[in-house]
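Build the full structure now, drawing on both the sequences and the hints.
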Amino acid sequence: MSGCPSHWLTIAAATLGSPGVAVPLYAIEDNCADPRYPSLAGDWVVACGKKGQIDRLVHLPSGRVVKLPAPLDPRRTGASAGTVPGTSALVQIGGATRVVVVSEHGAQELEGITRLPGEPVGLPATDGVHLVAALDGRVEALVATDKVRPSWPAATIGWQGLAMSWPWVAWVELGRDGSEDVWALEVGGADPTPIAHGPGEQRLVVSDGPGFALVDDGDVVRWRPDAGVVDRITARTGFLSAPTASGGAICWEQRVPEHDDIDIVCTDSLGADGPEDQLRPSRSGPWLLYRQAGRTWLATSP
Amino acid sequence: MAGDVSMKRLSPAALWVLAAGLGAATLMVDPAPATSIEHLLDIGRALAITMLAVVGVTGAGAAVLAKTGELARLDEGDAPLGWLVASVIGLLAWGLGGLALGLVGGLHPVALLVLALVLSLGWLTRPKLRAPSPTPAVLVLIGLVALVGMIDASAPPIDTDELYQHLALPTRMLRTGGLVGGVLHPDGSRPLLLHLPYTSLLAWAGDSAPRILTVLSALGVLLGTDALARRAAPQASRTAAVLATLTLATSWSFLHDAGLAANNLPTALAVLAALSCAMTASPIALALTAGAALSLKYTAAGAIVGIWLVARLPLRTRVWAGLVALACVSPWWLRNAIEGLHPLFPYAGWDQLVTGAPPGALQFQYLEKYGAGRTALHFAMLPWNAVMTAEIGSFRFLGRVSPLLLWFALPAAFGAWRVPTVRAPLAAGLVGAAAWTLGPHWLRHLLPVLPVLVVGLAAGAAAVLTGHQRALLGAAGLLTLAAAPSNLAPMATHLADRLPAALGQESRGDYLERVVRSATAIEWANHHLPEDATVALLFDWSTHLLERDSVLGSVEDHVPTRYWVLVHGDDSLHALRRAGITHLVVGRFRFLRKWYPFLDDDVFDDVFKGPTDLLDRRLLRDATLIHEAGHTRIYRLDPDDESP
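Protein sequence lines correspond, in order, to chains Y and V.
Each residue of the first sequence is one higher than the last, beginning at 1 in the working numbering.
Each residue of the second sequence is one higher than the last, beginning at 1 in the working numbering.
Possibly wrong hints are sitting among the right ones.
So the derived label-pair ranges between C-beta atoms look like this [claimed, not checked]: (1) V:Asp616 <-> Y:Asp268: 26 to 32 Å; (2) V:Arg374 <-> Y:Pro199: 41 to 47 Å; (3) Y:Asp226 <-> V:Asp30: 55 to 61 Å; (4) Y:Ala190 <-> V:Leu40: 46 to 52 Å; (5) V:Arg617 <-> Y:Ala33: 21 to 27 Å; (6) Y:Pro61 <-> V:Asp351: 55 to 61 Å; (7) Y:Gly137 <-> V:Glu38: 22 to 28 Å; (8) Y:Asp226 <-> V:His108: 55 to 61 Å; (9) Y:Val143 <-> V:Asp510: 31 to 37 Å; (10) Y:Pro61 <-> V:Arg617: 33 to 39 Å; (11) V:His108 <-> Y:Gly178: 25 to 31 Å; (12) Y:Ala33 <-> V:Ala492: 27 to 33 Å.
Everything labelled a hint here was simulated from the structure, so no lab data went into it.
Don't be surprised by glycine CBs; every beta carbon is placed ideally from N, CA and C.
Okay, here's the thing in structure tokens:
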């Protein structure tokens, strides 16, 4: 790993958000080329510049902005909290494979990353050490600097991102009945197998730390490698964004037909509601980032 | 000596064989292939099939002309016109035959082939049709236009109108085996005289074939212009022919349409045929070609009225010919009426649909949106603005034409005064051009009358300046050179981008993904949506590329989608579901306020902003996003019991 110089811009040298309330983040525009961004990754907001490319991360506790050495295309980039507390990791597949780790010390583009040739099918994922991606007809999962590239045949449906809970990887395929199923594999272990399938739609799988969270016919389901489905939460979600999980809490978009409204519901005290639609939740620790009326909002736990 | 004779006999054949062999080797041995042999063979097959079909159906037209005795008049002199009129009458028969097949659900490749073969039986009557005999210099221009058109036709289709209408309708008709129309397929309720032949060609030889038919139409227009200009200015026939065809062949709007699946140039061909009939006093052929022109595109109406007015026919015959022409168009009006639609739907009648009238003032088209303005002063300046200040990439006329049109005006006026043969084409052209000013100021809508107009203008100029032919041609060349940056350079840029795809160097998928903004999402849909899915395209126009049954799509200002949302409101997506729709392709489209400065804010909000906002709201409540790529989203419609 070697460090690249990064620029620190002081847009707001103060904590973003305010405990117990939701505030609009005027500095974080809803302008990314992939609307799944801006999103949270650890203590950071992954944000885009004027051309819709990811070119900066904003540190939530301090409000400081780290510019990336070179922008990343959000349509082929995965982002999540890094393995080191307080860090964020991003991976871009397609052309050169780039892994960037952002910490309070700046943005570091990792060297010696194994190149994954081809265009990603759906968003890849990384934690700064490992990376997983779906390429044409296969899933690859590896230590980012390993020259050996283990891969498994997989008919990933595309667009929906891969989920990584190392050494487990999960994704969505179309079943024989034409409906969506969630598949997973253990790197160095079992072959790919469906972990959620059936007549309905199982989709939008994400990592929730020890396992995965996914949407099963509108409900939110938690899955653990050692125990299978451990929790099923009745919901009306999965119509736009994937659920989002952090520290044991899960948040999701919820249709509220009684009010002809869409809110964001979490399993803890956070959430977002109101007369406008609250959409595209991204959860990390005490923060919940979401979109409302074309603007980015941040709710913070009390 | 005997050896010399033998060489003279053998040489041409041997040279042809040698050239063919070496040509094949050049293509096949190339170490860095600049082309794909398979792709070239596909294009060659499409070209051969299209030419065979055109020659075949021309037989039906030739038989009609021979039977009526009008062929002799048309083929008099050294500029025969029978081939032009026969091909248009053949096209009329091909389209109406297709209509009959469509009404009984018979739009299948074999049935369509039988139709073409039946029409080809016209050749059994042995009509003595003469081939065109163009001016040699015009052949050079024809060759250049053929090259331009074939490059365009050989690359994948990307033009908006091709994708949502001209290729989309044949695609949909082939999928269903019958005609399409009504509120879910509004474009299919237009006259389909061209789209039914397109359906045959698409079925037999893929989507290059319909575009090759347009290339042939463009070449036919140039050949017809040549012949008519020579007839209109017999004392300066070659100059008139060169000036007229040069004006067309160096106009961006003409060149751009030459390789597109579009009806402007086939309509221009029919209008020229009607003028040929008017100038040769051939009433039956006039009626049929005028009917064909109107059925190909209503924008021919002005030119047809002009031609009807100048036709060398007694009043009674003229009225009779006009009524027969209208009778040729009437099947399309009747079809709409039987289906409960306004005869002129989708241009009119959106407020009379059985699905209900939209609230507010939904209008098919806002004429004010196009051109340079519609005040009296703007109309006075229109010839100047349309020729000199038009823009290819904006609503300011959406095209370019050669400034030769303006340059000819003064001498042509003198020519018409002095030479009687110039008057008919010039008057017809001016009536057609005047009618064009009443509609949307798109230069491509001027194409149906443009050849008639340039025949009149060029013949008039050539006829009045008979002693100064070289000076006239030299000055025209200079003016053409000055207009090249605005007319020819954009075309060259366009072709340079398409050439790798036309040669098969760049794959169809890669090219479409690079150029058509929804292609990536459509490609995903083709691979992942169920085979029996029925897709509604909302604010998207890529119908032809989608390999599933589909409804709606674009028409001017996305009227179908806006109508549906305005009429059904919060129930819009449920109503689609009830209509059998399973999936949606939705373009992220915003109507910019600056495009409609002539609308009040509340009208704009009601008919443009309102429907787009409401659709976005309903998509969140009644559909599930399953894919998104760039500006295009794909949704699965939720069953009614799963939606709020």
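Inset, instruction - Please flag the earlier hints that this structure goes against, numbers listed from lowest up. - result: 2
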